[in-house]
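One letter stands for each residue in the lines below.
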Amino acid sequence: MIRKISIIVLFVLFTLSVVLCRNFGEEIRGALATEIQCVPISYYVDEDGISRPTVPEDAVYSDDDGAYLLILEESEDYAGEGIFVLKSVHIAESSREDGMVRFRFLTNTFLGKVACDPEKEFGAGDIVRIMREE
Amino acid sequence: MVKRVIDAVVTAFLVCMALVVISPIFLTVFFSFEDGFSAYADFYVWKPIYLNALFNSVIVALVTSCLSVAVAVAAAYVFAKVKFRGSGILLYLYIIVMLMPFQVTLLPQYIVSKKLGIYDTLLALILPGIFAPFAVFLLTQVMKSIPNEQIEAARLDTGSTFRILISILVPQMKAGIICTWVLVFTEQWNSVAEPLILLETREKYPLAVMLNEGSGEKLLMLAATVVFMILPLLMFAYFESEIMDGLEEYRLK
Numbered sequence: 062m063i064r065k066i067s068i069i070v071l072f073v074l075f076t077l078s079v080v081l082c083r084n085f086g087e088e089i090r091g092a093l094a095t096e097i098q099c100v101p102i103s104y105y106v107d108e109d110g111i112s113r114p115t116v117p118e119d120a121v122y123s124d125d126d127g128a129y130l131l132i133l134e135e136s137e138d139y140a141g142e143g144i145f146v147l148k149s150v151h152i153a154e155s156s157r158e159d160g161m162v163r164f165r166f167l168t169n170t171f172l173g174k175v176a177c178d179p180e181k182e183f184g185a186g187d188i189v190r191i192m193r194e195e
Numbered sequence: 005m006v007k008r009v010i011d012a013v014v015t016a017f018l019v020c021m022a023l024v025v026i027s028p029i030f031l032t033v034f035f036s037f038e039d040g041f042s043a044y045a046d047f048y049v050w051k052p053i054y055l056n057a058l059f060n061s062v063i064v065a066l067v068t069s070c071l072s073v074a075v076a077v078a079a080a081y082v083f084a085k086v087k088f089r090g091s092g093i094l095l096y097l098y099i100i101v102m103l104m105p106f107q108v109t110l111l112p113q114y115i116v117s118k119k120l121g122i123y124d125t126l127l128a129l130i131l132p133g134i135f136a137p138f139a140v141f142l143l144t145q146v147m148k149s150i151p152n153e154q155i156e157a158a159r160l161d162t163g164s165t166f167r168i169l170i171s172i173l174v175p176q177m178k179a180g181i182i183c184t185w186v187l188v189f190t191e192q193w194n195s196v197a198e199p200l201i202l203l204e205t206r207e208k209y210p211l212a213v214m215l216n217e218g219s220g221e222k223l224l225m226l227a228a229t230v231v232f233m234i235l236p237l238l239m240f241a242y243f244e245s246e247i248m249d250g251l252e253e254y255r256l257k
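One line per chain: the protein sequences are P and S, in this order.
Be aware that the first sequence starts at 62, since it is given in my numbering, and climbs by one per residue.
Be aware that the second sequence starts at 5, since it is given in my numbering, and climbs by one per residue.
Hints are supplied without guarantee of correctness; some may be wrong.
[Unchecked claim] Derived DEER-like restraints, expressed as beta-carbon distance ranges:
#1 S:86 - P:93: 20 to 28 Å
#2 P:63 - S:99: 39 to 47 Å
#3 S:160 - P:64: 37 to 45 Å
#4 P:84 - S:114: 27 to 35 Å
#5 S:153 - P:72: 49 to 57 Å
Bear in mind the hints are in silico, worked out from the structure with no lab data behind them.
Keep in mind the model is a prediction, meaning the values are calculated, not measured.
The C-beta atom is built at its ideal place from N, Cα and C for all residues, glycine as well.
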């Protein structure tokens with residue numbers, strides 16, 4: 062009897078874990094991902110000063126006031142959730158203002174300027190959530 | 005003395021063989037925790053397509069096995085207890101279909117699912133599974149073991165065949181039905197070829213197919229394999245005695 066009850070308990074736990082993670086996956090991912098406040102820039106200015114609507118993935122960002130260049134890749138798994146996988150981090154120059162490190166990041170579709178916790182270390186493969194400031 | 009030595013050698017050999025069989029399962033569980041729980045976090049949270057695939061597996065296996073057993077109980081009653089011309093030939097055809105390699109019927113299944121407009125839906129997997137002959141054959145064997153006198157006695161009380169089936173026959177076949185249900189569930193749970201042929205959209209794949217796809221993500225695949233094993237193991241643990249009784253019933257026929 063105890064064996065059957067423990068199997069039922071295990072089954073209920075397994076079912077709950079699957080159902081909860083499936084139904085609230087977006088919320089869980091959002092809560093676990095590193096949040097980055099950002100100001101999206103809808104165009105990209107290349108080396109010749111020409112504005113381009115999208116940012117090429119291999120673009121070299123000429124830094125003027127930023128610190129890091131984070132190249133983010135939008136994953137198909139989280140399409141539309143504003144969650145990106147950090148593809149690579151290029152440390153250019155850091156500037157600390159009000160205890161924050163300023164970042165620049167680059168995605169497939171937009172270029173943004175972000176401010177992050179200076180204690181936070183980013184690396185390739187990290188999953189981050191972009192909070193766009195309106 | 006010689007007998008004891010032979011016993012020891014045979015035991016050692018059997019232990020080695022048992023290790024060969026069991027070690028892949030232990031190694032899978034062990035290596036899935038190589039990076040802590042990160043592989044499981046990937047499975048449950050960061051790679052939602054795998055959880056979705058698990059959900060698809062549960063839907064297909066559960067719906068197919070339940071409906072298959074329901075259909076098979078009725079069909080088994082007809083094959084075992086109703087006398088009509090050609091029943092032997094019909095059962096013989098069922099057995100032939102069951103013995104055929106499933107690859108033979110894959111192309112017709114593909115064509116039929118296209119014609120019915122259920123291609124690339126889970127129904128393309130569920131519908132052929134419900135009417136699979138395997139469950140009918142097994143339950144026919146179980147049904148044959150129930151004496152006809154019981155049915156004749158029940159007929160004195162009620163004229164309803166359905167009531168006789170539900171109240172008299174099904175309770176006596178409980179072990180056989182549960183065993184059949186678990187076998188059909190496991191068969192559907194493990195199927196890879198049918199989903200690959202009958203489904204196109206990756207989001208609709210069951211987990212068994214996804215396990216073949218992610219060879220680049222070793223830890224995630226190991227974690228997915230462990231999760232994939234949990235449900236059949238729990239089912240077996242819970243219904244162990246019924247499964248053993250059911251298998252015994254098949255053997256006696």
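Hint check results:
| no. | hint | verdict |
| --- | --- | --- |
| 1 | S:86 - P:93: 20 to 28 Å | 60 Å, violated |
| 2 | P:63 - S:99: 39 to 47 Å | 42 Å, holds |
| 3 | S:160 - P:64: 37 to 45 Å | 42 Å, holds |
| 4 | P:84 - S:114: 27 to 35 Å | 33 Å, holds |
| 5 | S:153 - P:72: 49 to 57 Å | 40 Å, violated |
Of the numbered hints listed earlier, those contradicted by the structure are 1, 5.
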